[in-house]
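Peer 1: Protein chains in written order, with the working numbering: chain A, 2 to 163; chain B, 692 to 1278.
Hints are all accurate, no fakes.
Among the chain A residues that face chain B by a calculated CB cut under 8 Å, a handful are:
{"no.": "1", "residue": "25"}
{"no.": "2", "residue": "26"}
{"no.": "3", "residue": "61"}
{"no.": "4", "residue": "66"}
{"no.": "5", "residue": "67"}
{"no.": "6", "residue": "68"}
{"no.": "7", "residue": "84"}
{"no.": "8", "residue": "85"}
{"no.": "9", "residue": "89"}
{"no.": "10", "residue": "129"}
{"no.": "11", "residue": "145"}
These are calculated hints, taken from the structure and not from any lab test.
Computed from a predicted model, the values in this text were never measured in an experiment.
C-beta atoms are modelled at their ideal positions from N, C-alpha and C, and glycine is treated no differently.
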Amino acid sequence: MQTIPESKFFERETIEHTLNDPSQVIPLLQKVQEKEGYVPEKAIEEISEITGVSVSNIFSVITFYKQFRLRPPGKYMIRVCDGTACHVNDARTLLDILNDELKLEGTDTTEDGLFTVMPVACLGCCSLAPVIMINEDTHGKLTPQKLRKIIKEYQKKGKETN
Amino acid sequence: MYKVTVGMATCGISAGADKVYKSFETFLKDNKDITLATTGCMGMCYKEPLVEITDGKTVYLYGDVDEKKAQKIVESHLKNNTPVDEFIVLKDYKSGAEQQFNERQYKIVLRNCGLIDPDSIEEYEKRDGYKAIRKVLSSMTPDEVIDVVFKSGLRGRGGAGFLTGQKWKFAKSSVADQKYVICNADEGDPGAFMDRSVLEGDPHSVIEGMMICGYAIGASVGYIYCRAEYPLAVRRLKKAIRLLEEKGYLGDNLFGSNFSFRIKLKEGAGAFVCGEETALMQSIEGKRGTPRPRPPYPAVKGLWGKPTNINNVETFANVPWIILNGWEKFAAMGTEKSKGTKVFAIAGKAVRTGLVEVPMGITIRDVVFNVCGGIKDGKKFKAVQMGGPSGGCIPESLADTQIDYEQITKTGAIMGSGGLVVMDETTCMVEMARFFLNFTQLESCGKCTSCRIGTLRMLEILERIVEGKGKEDDIDRLVEMGEYIKKTSQCGLGQTAPNPVLTTIKYFRDEYEAHIREKRCPAHSCGALVKFSIIPEKCTGCMICARQCPANCISGEKKKPHVIDQSKCTRCGKCFTVCNFDAILKD
Chain A
2 MQTIPESKFF ERETIEHTLN DPSQVIPLLQ KVQEKEGYVP EKAIEEISEI
52 TGVSVSNIFS VITFYKQFRL RPPGKYMIRV CDGTACHVND ARTLLDILND
102 ELKLEGTDTT EDGLFTVMPV ACLGCCSLAP VIMINEDTHG KLTPQKLRKI
152 IKEYQKKGKE TN
Chain B
692 MYKVTVGMAT CGISAGADKV YKSFETFLKD NKDITLATTG CMGMCYKEPL
742 VEITDGKTVY LYGDVDEKKA QKIVESHLKN NTPVDEFIVL KDYKSGAEQQ
792 FNERQYKIVL RNCGLIDPDS IEEYEKRDGY KAIRKVLSSM TPDEVIDVVF
842 KSGLRGRGGA GFLTGQKWKF AKSSVADQKY VICNADEGDP GAFMDRSVLE
892 GDPHSVIEGM MICGYAIGAS VGYIYCRAEY PLAVRRLKKA IRLLEEKGYL
942 GDNLFGSNFS FRIKLKEGAG AFVCGEETAL MQSIEGKRGT PRPRPPYPAV
992 KGLWGKPTNI NNVETFANVP WIILNGWEKF AAMGTEKSKG TKVFAIAGKA
1042 VRTGLVEVPM GITIRDVVFN VCGGIKDGKK FKAVQMGGPS GGCIPESLAD
1092 TQIDYEQITK TGAIMGSGGL VVMDETTCMV EMARFFLNFT QLESCGKCTS
1142 CRIGTLRMLE ILERIVEGKG KEDDIDRLVE MGEYIKKTSQ CGLGQTAPNP
1192 VLTTIKYFRD EYEAHIREKR CPAHSCGALV KFSIIPEKCT GCMICARQCP
1242 ANCISGEKKK PHVIDQSKCT RCGKCFTVCN FDAILKD
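Starting from the given sequences, assemble the full structure and let the hints guide the process.
Peer 2: Structure follows, in structure tokens:
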């Protein structure tokens, strides 16, 4: 009987269910990311120990799927929809505005750790195009003005609660 | 005695349906006579949030409801029995402002969507749910089931259009100790949300379809591979599976037979290529989702090396209906080789956008003009894009093409999974092709050289064309490379990635030529090729554009209209982005 490895990220019950099962790599990564917002290095080592899959193989799985992040995200995750409907309704302008307003130059997260901007393929509310999602809230039928106003509100909110 | 039902699919919720629901809840909390319920997608995305009120005799559907309108509806309709005519979009699904939307539709797959509470097994059963599986288990042999599905002419709704009955036959004839049924719910085409709506609005019809398939091919385990970007669909599926297990509808010896079936849910992790069946199986096994060569086909060697049958969400949702209504009724609909109906997610420049289910054989023109009400703002219809990044554009001149697998393939597009984007004169076809290729390029898994590098080279050419830097032989080079990539890629992603480019060149070559030779975008859409000017009536002289212009070509006094010096303008579009008053004209 194999001993259950000590873990900082997973409960004992989860580990028992996933022990030595390579097909559990993705669900375990999803679990960590849901809790931490990203996949910390230490978690990769733990998943390797639990499932028996090598660290390098887990790393290759992480980099293959878009869902996984290796760095902590900002407090507000802004998903900018660039699906077909949003694209024909000028989603690119929204992205330009965000990069500009939040002074993102080649990175996806602002220096103060408040925002992460991520273009996504489709949020699935095409009739509201163009759409962005900030954490769980959807903002639709956006115009440059509306978007700037929303960002200002979140900036204010973020600073107050910090 | 009224019943109030609020449409709470993802699109409804993003349009504010949860707030509307809460206001009804508040208004009705002391009123025990009125029931408040939720349902899935009603299809009319363009009128969300939607609220249905019925008194047991007439059904009233209200559209564009917000908290204020909700209050008015409560006061007038629920308390004083006077429906608010101005907000009604449909009455009894027959008359009303939006009746044309429903007239040409025929609902098989969406038969319960927007009508039942997706979390309730009882409501599904009231509409003949789990009758088909009972019928199959009590009175049909697996071969008879396959025969019915085969004769119905049902073809794979994921896009490729392989005969479902044939696929099941292959899986049944493989001998193994364990077989699997997989439901492909990794709907990845940008702008397509048919499967999401079915999973959110009627998850049980898909599960019942999987059970029937399991019985027919001899599998006792099913997997649903669902996109993680669909949190509501995942939640509904989890709940449905849990309730079914509790009720004894999933597990051992189902419905008094010796048939056993279990379902596991796997969440995808954001990779478009996992919609390809061999890549999907790799992903379930916990690996990188890269496709492998076929044969062996999954029916012989699939998940964990065992025979596996994979169908898409919409295909499974058709199956219970076919079993209960007979293959003859299904096969009577449609064209010679394409039977039944097809669900489309309509997006883009049509008046009515949303989810529709139409009989096969209807023409594209019929869908655009009759079901969807034509083009918004009185603009001119230019083309439809079908099949997303794997599909192609069908121009207005071919709009009388029937919805039929073979006929659509003939145009260079594909039936696809059901994304249908309507485009008007302001959509640039070169930019559209660039958009889709950019998508497939990012999603290429990188295994085949021609797909990994070929799509990138094609994308570079398209990027320079939309920037006005195209070269004379670029079009020929795109065609040559596109054909090459199609021939030398292993999976469907690479084999179809060039389609959006090749079809737009075929039908809109003049637009490519205008970009390359005249440095002009006929649709006035490509930023680098349009002219920016300031509308004096709208300009307030706030000076924000003048301060932000990197070329310093905007001048004017404070609080007076500004002007752009066209000789210095670099067409970066910065002024257009920063203006708060819509005063920049893009032409």
